[in-house]
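Novice: One letter stands for each residue in the lines below.
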Amino acid sequence: MKLTKEARAGTLESGDVLVIVGPSESLDIRVESPVIRQFGESIRQSVRDVAASLGVTGGAISLEDQGALDCTIRARLTTAIKRSLADE
Amino acid sequence: MTLQTKVVPSLREAILRAGLRDGMTLSFHHHLRDGDNVLNTVLAECSLMGLKDLTVNASAIMGCHRPLLDFIEDGTVTGIECNFMHANVGRSISRGLLKREVIFRSHGGRPAAMERGESPVHAAFIAASAADAAGNCNGKEGIAAFGSIGYAMPDAEHADYVIVLTDHLVEYPLMDASITEDRVDAVVVVDSIGDPKRIMSGTTRVTRDPIGLLIAEQTARAVQASGLLRDGFSFQTGAGGTSLAVASYLGGIMRERGITGRFASGGITGLLVDLMKEGLFETLLDVQCFDREAVESIRENARHGEISASRYASPTARTAVVDHLDVVILGATEIDTDFNVNVHTDSNGVIMGGSGGHSDTAAGAKLSVIVAPLVRARLPLIVDRVGTISTPGEDIDLLVTQYGIACNPKQAELSEKLRYAGLPVFSIHDLKARAESITGRPARIESSGRTVARVISREGDLLDEIRTVMG
Amino acid sequence: MRRSLLFLPGNQPNMLQNGAVLPADALIFDLEDSVSPSEKDAARELVASALRSIDYGSRGLVVRINDIDKPYVKKDLEAVAAAGAMSVMVPKVSGAHTIHHVAVMLDLIEEEYRMEPGRTKIIALIETAAGIEKAFEAAAASPRVEALALGGEDLSADLGCPRTKEGTEIFYSRSRLVVAARAAGIEAIDTPFTDARDEEGCYADTVFARSMGFDAKLSISPHHLRPIHRAFVPTEEAVAFALEVKEAMEIARREGRGAVSLRGKMIDLPVLKQAERTIELARASGMLAAEKEGALL
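If you read the protein sequences in the order shown, they are chains H, S and P.
Take our numbering: the final residue in the first sequence is number 88, and no numbers are missing along the way.
Take our numbering: the final residue in the second sequence is number 1471, and no numbers are missing along the way.
Take our numbering: the final residue in the third sequence is number 2297, and no numbers are missing along the way.
Treat each hint with caution, since some may be false.
To be verified - Dumping the calculated SDA-like pairs for lysine to any residue here, alpha-carbon to alpha-carbon at most 25 Å:
#1 Lys2075/P <-> Val50/H
#2 Lys2040/P <-> Ser62/H
#3 Lys2074/P <-> Ser53/H
#4 Lys2070/P <-> Val2179/P
#5 Lys2075/P <-> Asp49/H
#6 Lys2040/P <-> Arg37/H
Said to hold, decoys possible - Anything over 12 Å on all C-beta distances counts as not near chain P; from chain H, calculated:
#7 Thr4
#8 Gly15
#9 Ser24
#10 Glu25
#11 Leu27
#12 Val31
#13 Ser33
#14 Gly40
#15 Arg48
#16 Ser62
Claimed, not checked - Reference excerpt, derived from the structure (chain H facing chain P, CB under 8 Å, subset only):
#17 Lys5
#18 Ala7
#19 Ala9
#20 Ser14
#21 Asp16
#22 Ser53
#23 Thr57
#24 Leu69
#25 Cys71
#26 Arg74
#27 Ala75
#28 Thr79
Calculated directly from the structure, the hints in this document are not laboratory data.
Owing to the predicted nature of the structure, the values given are computational and were not obtained by experimental measurement.
Ideal Cβ placement from N, Cα and C applies to all residues, glycine included.
From just these sequences and the hints, can you work out the full model?
Specialist: Written out as structure tokens, the structure is:
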């Protein structure tokens, strides 16, 4: 399924990540992170994993990372996607 | 009395009398820390005078020295020698802004290099918060008082021409002079040598961060277990919140056990002053004051002594204070599995610091302890090979993190003592694996490009090179 | 064995990571008071993710869920029980019905996720006047209930009196809660000390709670863990006596005798239990190295 609604989760505090998701035909992933050179690929992989596990095939996913651990990134993205999919 | 006044009417006049020409070296000291006006003011004047290709030899380049970048761009400055460089300037240097390579030394290596003639200084610019017309000066009096002037003492000793800049001219003779008239050529009176509010920048308070406190407590227990914490104990720590917490916990143990230390040295904070006043340390040997309490204490208290950078840490001194040290507590941005420590560059290889007294105290002290969180913003502290070697692993004995302690394998006996005391001792490889189980394994960053800085060991040998980083 | 249970705000990633190294005997991942209504879903996800990924070592793992009148309680339970929380702390317990409500939901969740039935325990947080009156009833309501804990802030508000550092206003409630817990054969956990900066105050408060019979103390600040643990350090004499009792027990067991006597006096079960607890406290306080203990036994 494709995301049709904008939603966000997380914060810009150290150790957290702000995730903003919105509509898109394909899966567009944008990552900003202080550890982009060390963990950029790993972060993108986690985003693809979480999206796949929730059945999301299309959506604009943007992460403003503040050095979050992988478990935090997965939790924040899950929340953002669930919020986007929730009925108002 | 007929006073031989050395007061010259302007900074420019002093520079002219010093005979500064293109390609010469100017020296500065960093006791005014982030409030320093002197380095920027002098370079601005040199730039106006059209001087080119100068080398700046400063004990440290601070965050407030960002205007230095302008003087590099206009060609006034083409060389830098220092013991520390703030990221404000370091970022541009890492991109390759400076033509020549930066020379990084340590606080002890710098005076040693001057002494050996490897680092000649043509004119030393010494900021003094009080001076008389003959050049007797100190950092203890006046509105911009900053305390010890220790790093500038070798400059006064070795420079061809010595200029004192002050905003507080007093009647001859200034009695408690730290640098004396026999070494001074000219005195310049300026409006302000620095902003007193920003001189005492940074944290000089014990941390309230529970992780910092946890590390500090384990460190104090490790020091106790080492057997070095006994009457006559000598100690040095930095001004960071965790380092101060270590001092505070050690003070607690000393109070409880009735132990009196001989001295605490290096950069001095109010906390150490309190420990001395309480009688837990007999004396303080001060090369730099970190806060107002320390400045007041060095002025008022006879047991709080000022020391020069040479006496503090020089490897060519007959003896130096660091050689008498039992324990030093130090930080790290990275440490590798051979215990080499990096305090020069960040995880991306960008310049953001320097040795300061790190390698000097590590070499001198019986027990050198690195305290640092095992993970910072998803980056593991422990790596296969540090980006820059600031202090060789052979001089480091212990690493204390919130996840446990690693002991340098050459210190098998110490490791046993710590285990016996019930402390969580692991191999550094185990701690590295633990960190990576939390963060994931970081991709390796290869540095390439030309050399932008050379790290010189305190003995004067090449320790490592720092290369350009783009972006 | 736990002396300290530290609350971690459920929506703060750094705190959840710090929990892995803080010297608490148990961690309480909070979904209730420290999380704003609009972030309940995010905290639930974050706590579940942390429980699955972060190695908390031997620390007890508790999740404080929202109170049962709130719509999210089922989701809270599902997320955390499945992620491996050992216990849920149920707030505002006002009697057996609160416990039954949660226990039934846990039965279903454990069945659905194929977990061992009854695996997830309950800590009943007593923080109302009604809760105090029904404390024993709640404690005995389900075998899942492993502890009663006191929430002094909400309680004193409910009682209509100011909460003081000395805690005179909650003295009766503390006594009542210890008695109820003991009568039901479960743990009694004391209310948190609320001034994060006053470590000595926390120490004195814990010493007092321990003297009343409490087994552990809630904590809202990492700075309180050390004083709490210090307050639970047993005296050398108590440890020596406890080791003697254990030794007498061992000898009786080896000789196949049912009754245990020490210096001619019979030792009954409560004394033995207390001896075991003292030895555990001594071990947790670092007073007993494993080998030393072995040599003594």
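Novice: Each hint: holds or not?
Specialist: Do the hints match the structure? See the list:
1. Annotation: proposed proximity of Lys2075/P to Val50/H holds, straight-line Cα distance about 20 Å (limit 25 Å).
2. For the given pair, Lys2040/P sits about 22 Å from Ser62/H by alpha-carbon distance, which is consistent with the 25 Å threshold.
3. With a C-alpha separation of about 22 Å, the suggested pair Lys2074/P and Ser53/H falls inside the 25 Å cut-off, and the hint holds.
4. As the CA atoms of Lys2070/P and Val2179/P are separated by approximately 30 Å, the hinted pair breaks the 25 Å bound.
5. A C-alpha spacing of about 23 Å is found between Lys2075/P and Asp49/H, which places the hinted pair at or below 25 Å, so the restraint holds.
6. A distance of roughly 33 Å separates the Cα atoms of Lys2040/P and Arg37/H; the hinted pair therefore is violated under the 25 Å criterion.
7. No beta-carbon of chain P comes within 12 Å of the beta-carbon of Thr4/H; the shortest separation is about 19 Å.
8. A cut-off of 12 Å between C-beta atoms contradicts the statement that Gly15/H is not in contact with chain P; the least separation is 4 Å.
9. Here Ser24/H stays apart from chain P, with its beta-carbon at least about 22 Å from theirs, past the 12 Å limit.
10. Its beta-carbon lying about 26 Å from the closest one in chain P, Glu25/H satisfies the requirement of being farther than 12 Å from that chain.
11. Chain P leaves Leu27/H outside its interface by the beta-carbon criterion, the shortest separation being 20 Å against a cut-off of 12 Å.
12. For Val31/H, the non-interface assignment is confirmed: its Cβ lies about 17 Å from the closest Cβ of chain P, beyond the 12 Å cut-off.
13. With a cut of 12 Å on Cβ distances, Ser33/H stays outside the contact zone with chain P, its closest approach being about 14 Å.
14. Distance check for Gly40/H against chain P: the nearest CB is about 19 Å away, which clears 12 Å, and the non-interface claim stands.
15. The Cβ of Arg48/H sits about 17 Å from the closest Cβ of chain P, beyond the 12 Å cut-off, so the non-interface label holds.
16. At roughly 17 Å, the least C-beta separation between Ser62/H and chain P is larger than 12 Å, which holds for a residue marked as non-interface.
17. For Lys5/H, the shortest C-beta to C-beta distance to chain P is roughly 15 Å, which exceeds 8 Å, and the interface hint is violated.
18. Interface hint at Ala7/H: violated, since its Cβ lies 11 Å from the closest Cβ of chain P, which is beyond the 8 Å cut-off.
19. Checking Ala9/H against chain P by beta carbon gives a least distance of about 5 Å; that is within 8 Å, so the hint holds.
20. Restraint check, Ser14/H versus chain P: the minimum CB separation of about 6 Å is within 8 Å; hint holds.
21. The closest approach between the C-beta of Asp16/H and any C-beta of chain P is roughly 5 Å, which is under the 8 Å cut-off, so the hint is satisfied.
22. Nearest Cβ of chain P to the Cβ of Ser53/H: about 13 Å, over the 8 Å cut. The hint is violated.
23. The interface hint given for Thr57/H is violated, since its Cβ lies 21 Å from the closest Cβ of chain P, which is over the 8 Å cut-off.
24. With a cut of 8 Å, the hint placing Leu69/H at the interface with chain P holds, because the nearest CB-to-CB distance is about 6 Å.
25. For Cys71/H, the suggested interface contact is upheld, since its CB lies about 4 Å from the closest CB of chain P, less than 8 Å.
26. The criterion of a C-beta within 8 Å of any C-beta in chain P is met by Arg74/H, whose closest approach is roughly 6 Å, and the hint holds.
27. The beta carbon of Ala75/H is positioned within 8 Å of a beta carbon in chain P (closest approach about 4 Å), and the interface hint is therefore held.
28. Proximity of Thr79/H to chain P holds as hinted, the smallest CB-CB distance being about 4 Å (cut-off 8 Å).
Of the numbered hints listed earlier, those contradicted by the structure are 4, 6, 8, 17, 18, 22, 23.
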